[in-house]
Amino acid sequence: MKPNLQVEIGTMLMANPVTTASGTFGFGPEYTPYLDIERLGAITVKGTTLEPREGNPTPRLVETPSGILNSIGLQNPGVDYLIEHYAPYFRQLKTNVIVNIAGNTVEEYANLAAKLNSVPGIAALEVNISCPNVKKGGLAFGSDPVSAAEVTKAVRQATTLPVIIKLSPNVTDIAAIASAVEEAGADALSVINTLLGMAIDIRKRKPVLGNIMGGLSGPAVKPVAVRAVWQVYQRVKIPIIGMGGIMNAADALEFILAGATAVAVGTASFINPRAAIEVLEGIERYLVENNIDDIKELVGAAHG
Amino acid sequence: MKPNLQVEIGTMLMANPVTTASGTFGFGPEYTPYLDIERLGAITVKGTTLEPREGNPTPRLVETPSGILNSIGLQNPGVDYLIEHYAPYFRQLKTNVIVNIAGNTVEEYANLAAKLNSVPGIAALEVNISCPNVKKGGLAFGSDPVSAAEVTKAVRQATTLPVIIKLSPNVTDIAAIASAVEEAGADALSVINTLLGMAIDIRKRKPVLGNIMGGLSGPAVKPVAVRAVWQVYQRVKIPIIGMGGIMNAADALEFILAGATAVAVGTASFINPRAAIEVLEGIERYLVENNIDDIKELVGAAHG
Amino acid sequence: MSKVLDAKVLAVYQVAPETYYMELEAPEIARLAVPGQFVHVRCSDAQDPLLRRPLSIHMVSRPKGVLALLFRVIGQGTELLAKRQPGDTVNLLGPLGKGFTLPLPGSRVAVVAGGIGAAPLVFLVQELANMKCQITVYLGAKDKKSILCDGQFTQMDAEVVIATDDGSMGFKGNVIDLMERHMDWRKTAMTYVCGPKPMMQRVAALLAAADVPGEVSLEEHMGCGVGACLSCAVKIAHHGQITNKRACADGPVFPSWQVVWD
Amino acid sequence: MSKVLDAKVLAVYQVAPETYYMELEAPEIARLAVPGQFVHVRCSDAQDPLLRRPLSIHMVSRPKGVLALLFRVIGQGTELLAKRQPGDTVNLLGPLGKGFTLPLPGSRVAVVAGGIGAAPLVFLVQELANMKCQITVYLGAKDKKSILCDGQFTQMDAEVVIATDDGSMGFKGNVIDLMERHMDWRKTAMTYVCGPKPMMQRVAALLAAADVPGEVSLEEHMGCGVGACLSCAVKIAHHGQITNKRACADGPVFPSWQVVWD
Ligand SMILES: Cc1cc2nc3c(=O)[nH]c(=O)nc-3n(C[C@H](O)[C@H](O)[C@H](O)COP(=O)(O)OP(=O)(O)OC[C@H]3O[C@@H](n4cnc5c(N)ncnc54)[C@H](O)[C@@H]3O)c2cc1C
Ligand SMILES: Cc1cc2nc3c(=O)[nH]c(=O)nc-3n(C[C@H](O)[C@H](O)[C@H](O)COP(=O)(O)OP(=O)(O)OC[C@H]3O[C@@H](n4cnc5c(N)ncnc54)[C@H](O)[C@@H]3O)c2cc1C
Ligand SMILES: Cc1cc2nc3c(=O)[nH]c(=O)nc-3n(C[C@H](O)[C@H](O)[C@H](O)COP(=O)(O)O)c2cc1C
Ligand SMILES: Cc1cc2nc3c(=O)[nH]c(=O)nc-3n(C[C@H](O)[C@H](O)[C@H](O)COP(=O)(O)O)c2cc1C
Ligand code: FES
Ligand code: FES
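Residue numbers (our numbering), protein chains in the order written: chain A, 1 to 304; chain B, 1001 to 1304; chain C, 2001 to 2262; chain D, 3001 to 3262.
Just to be clear, a hint being listed does not mean it is correct.
[Said to hold, decoys possible] Not everything, but these chain B residues come out facing chain A in the computed CB check (under 7 angstroms):
| id | residue |
| --- | --- |
| 1 | L1196 |
| 2 | G1197 |
| 3 | L1216 |
| 4 | W1230 |
Hints were generated in silico from the structure; no laboratory data involved.
Ideal Cβ positions, reconstructed from N, Cα and C, are used throughout, including at glycine.
Could you put together the complete structure from these sequences and hints?
Encoded structure:
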């Protein structure tokens, strides 16, 4: 018998728990030569802002041991372009499309959510709160419970779509932030965004990245990400989408056992364009081999 | 001409900027078959507590991509044993010995510092503030500026030795903690301790480590550590001992360029017992090849 | 269309200091590839080094289903790649990117190669020769030992003029100096350039000053290689507007006069 | 005293399912090693997999300066190691740990090996045979194909009794069942045990019940291998007190009656 892989993220039904991580999968078509993206439970697309953005100076990417640092700087064509050019494509897809949004102010987040609310083809919003709060001296929204909750409330009020808040790991107590955004009306959480890092070019004696600092992702961060999911799971009731260094099904299962209802494949797609599908197939195989009827039985099972 | 490698950490003079990271180098003798430890600028020994500690249940160590998670749990014979059995050995060494201390309460830190104050053979104290504050529900001392400063003040008052506060990276704003402990009288900072992480055994569906969570170290964390040193350097005037994933001289130079006056080699010694000496030799070679007379010229040079 | 597949190593040998030639069995990629495209190569099965490495398609033999690479050992990835033995497999993603714009058959063209920049230009000259173009190759390197592919170019009936920094072969000086003497490239339909960035920038300036069309193949650090991650942004000026293009998907080949050098 | 050095691979071949034999040129380590010690092996030059892997010293030839390993491919590290070719080098740290306690010459001894646990026991039997001991080896494995080193033990004049889970060779059952029938080990000066933990625990119980001295070789996940990191703690009871000992430096061999099994 085929095990049941279906999960729910708020009111969004996913045929299986696998999605892609925002910023690592473009808008979808980039990867269609390599896998049938419609087999995934959802795809999560590149971070979108109110206005188009040019992004950061290059180099924007540097490899680190088992990881990468990126400072793309949210280069994107803006929400209006997305609605006009990509939404019609999303609508045709036989899978959910999660749109990731980012803003400089609480109002921008609310505007973005309002604009995307009635757009056909969009299944949910993922809210990137690792962006600097321009009005608060550039501290990230996601770095304290109060501003994280403010963003959540504003987005919540502006949309009827499921609202997924994406947490930053660069905090003292990620569970406290999770709890605050749950209270503020989030339907789900994405855990984790990248870790703040940097690299220095010892020949030039300067930071490697054009933007000095960047976000660390890939297998290197997996232990931190699993820990974050574990801590958040102990504190909130809403579902978690786990991510951070998932390269294969075994990695994904660590997140599910730690408490993730779904998982996102990010950096792995760069190394293996078929990674997301292989993660899905591997999870299914694990369930079959272990006689587990329903993926939900595994969610958080390592908490004993 | 041989470049000048000498640096100062508070009143402690180091012949060169290389030391070992606490907990990765035992008490020194473990590595004497492989390198002349007296050539290092200092050695930093295993974390010591007031009472002997048994440490955590096994497994205490698990490999992760380009890193390791450990949960040794501060197994150590206690400060009295250290004073009686190891201090006489330290005294004979022609290098500095930095003793790392850890406590459950502010008083314990103060007691430790007082006990070690007049002991010959000890050059400085490194204060591990990543330990849970038993009186504050187990939140780490190092996770907020107020308790970090409290520990610093208490240790400062109890000793005339140089006081090095070792910062935890598991915080929202490491520079704020750095600034608070500088103000409270720290002579120097060690940056960073391990990142909180975990791993799950998907066959047993349980955490791998006996203690559930552990500290992530090794090359995987280097980008986070370099970033932390960079941020702290911008905020404080006291010297920084940089550490976190240093495997070779190139890595060490990243830390120095980011603002570290000295560096500590940790996990690398497990992979290459001669790592600390090779780091030292490589730094010296870099200075010669680049016609730099004094290592101090490089400290923070990437800030431009 | 592009593929991801394990290709069998057929041959690998050193051809110059730190420079390796590798032949791979990859019929699907060989069939689809055009000159100027690249493959994204997995150099390790472990997670360090993590990323693929972009390497130009150096030559293809479609009948044999063979694809060749020519690469310099720079760091960890290329070092591991150079250690592969015949019979081993190498995971390839490709062909990727947009190749060179081919001229009308029989055109007069110039090809400018600096160092390892010769790699993609052999495949290009293969095609140009098939199209019966009249080809001059300006080939530069540090010294005689480092001159790459001169024999291959000559065999394909291209005129080859050589410059070495130390004068150990051909003209003493760099390719720019060489071009400044040999003015034939001014009369070409197209000049194709690949080499170190400063050299390409100077050649682009030369071409612009002479009002000659050219194409350059740019190198940027890459994540995905397929246009999804926006790591590989290059600034391209078009109709007075500067926009970010993706070296991997919109390039690596760009018109020489559109590149905004920094 | 222990060394860190690059050892040349002299030979490597598969001897049983997933099991490899490797010969290394390492005269300094061969000279210093005693049975029960191990080497800490670097399986990759990259940073993933990061740690060394502990492997017992399987055999040494001091005159030839050769050290042999016998290992099972379990995961990433051993898989990479099995791929090394003659002529490659492998970085070794060793010899490490405290070996087996040797009996008086001519003693009667028992050796109990489960699966890959045979690896260190061949070196031990070499020494015991040199000491003219009377040796019985109880050798267990899943099936005939997986029985390791029986020929080597026989050659060294040890009596070998075999148990396989499926009965495809020797007694059908496990080593414990076998020992319960063969009571000769009760009359020995020492019983040496290496194998999976549950098997060692049961043998230790058997020995304790019969009041026979034994030694077991324990496996714990290791960081440094030299006693510095305290990763490899094992609980040892001594004079009524339970303390943490380091498998790498205080062991891996411990008196069977002192181990606190969990
Ligand atoms: C489209 C394209 C085609 C190329 N074709 C060839 C070729 O045919 N032959 C050849 O020898 N080289 C070619 N290069 C350069 C080649 O990709 C790099 O030399 C190689 O990635 C270095 O990897 P490494 O691990 O040895 O070096 P490291 O310095 O250890 O690499 C570290 C990181 O930097 C990246 N990197 C380093 N140098 C470059 C570079 N010049 N361009 C892009 N990324 C770089 C690596 O990919 C890796 O992610 C090409 C580059 C591009 C973008
Ligand atoms: C003192 C000692 C002697 C040993 N001698 C031998 C021998 O002669 N032949 C042999 O085949 N095996 C031996 N082992 C077991 C061997 O060390 C492991 O099989 C090996 O480390 C697995 O590495 P891997 O990368 O293939 O597996 P992975 O499972 O990928 O390894 C992941 C991590 O777990 C550790 N690990 C996994 N299994 C073990 C284990 N059983 N013991 C300790 N660490 C482990 C690895 O070292 C590594 O750090 C010995 C272990 C010890 C402690
Ligand atoms: C190149 C790149 C671009 C990214 N862009 C975004 C983004 O636009 N919005 C966002 O919320 N996260 C972004 N991320 C973070 C990922 O979605 C993900 O949270 C992180 O990379 C951890 O997962 P991974 O280790 O599997 O990649 C980006 C990551 C990478 C590597
Ligand atoms: C096995 C192990 C034990 C450690 N024990 C201590 C300790 O007792 N006290 C302490 O302050 N830090 C301890 N650390 C942290 C290191 O000193 C160092 O800060 C950290 O490992 C980062 O450096 P690295 O990546 O070079 O190892 C330990 C680290 C490891 C790996
Ligand atoms: S490398 Fe990802 S967009 Fe070019
Ligand atoms: S492995 Fe480090 S103490 Fe044993």
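Results for each hint:
1. L1196: 6 angstroms, holds
2. G1197: 3 angstroms, holds
3. L1216: Nearest chain A Cβ about 5 angstroms off; hint holds.
4. W1230: Holds, because the Cβ-Cβ distance from W1230(B) to chain A comes to roughly 6 angstroms (cut-off 7 angstroms).
Of the numbered hints stated above, none is contradicted by the structure.
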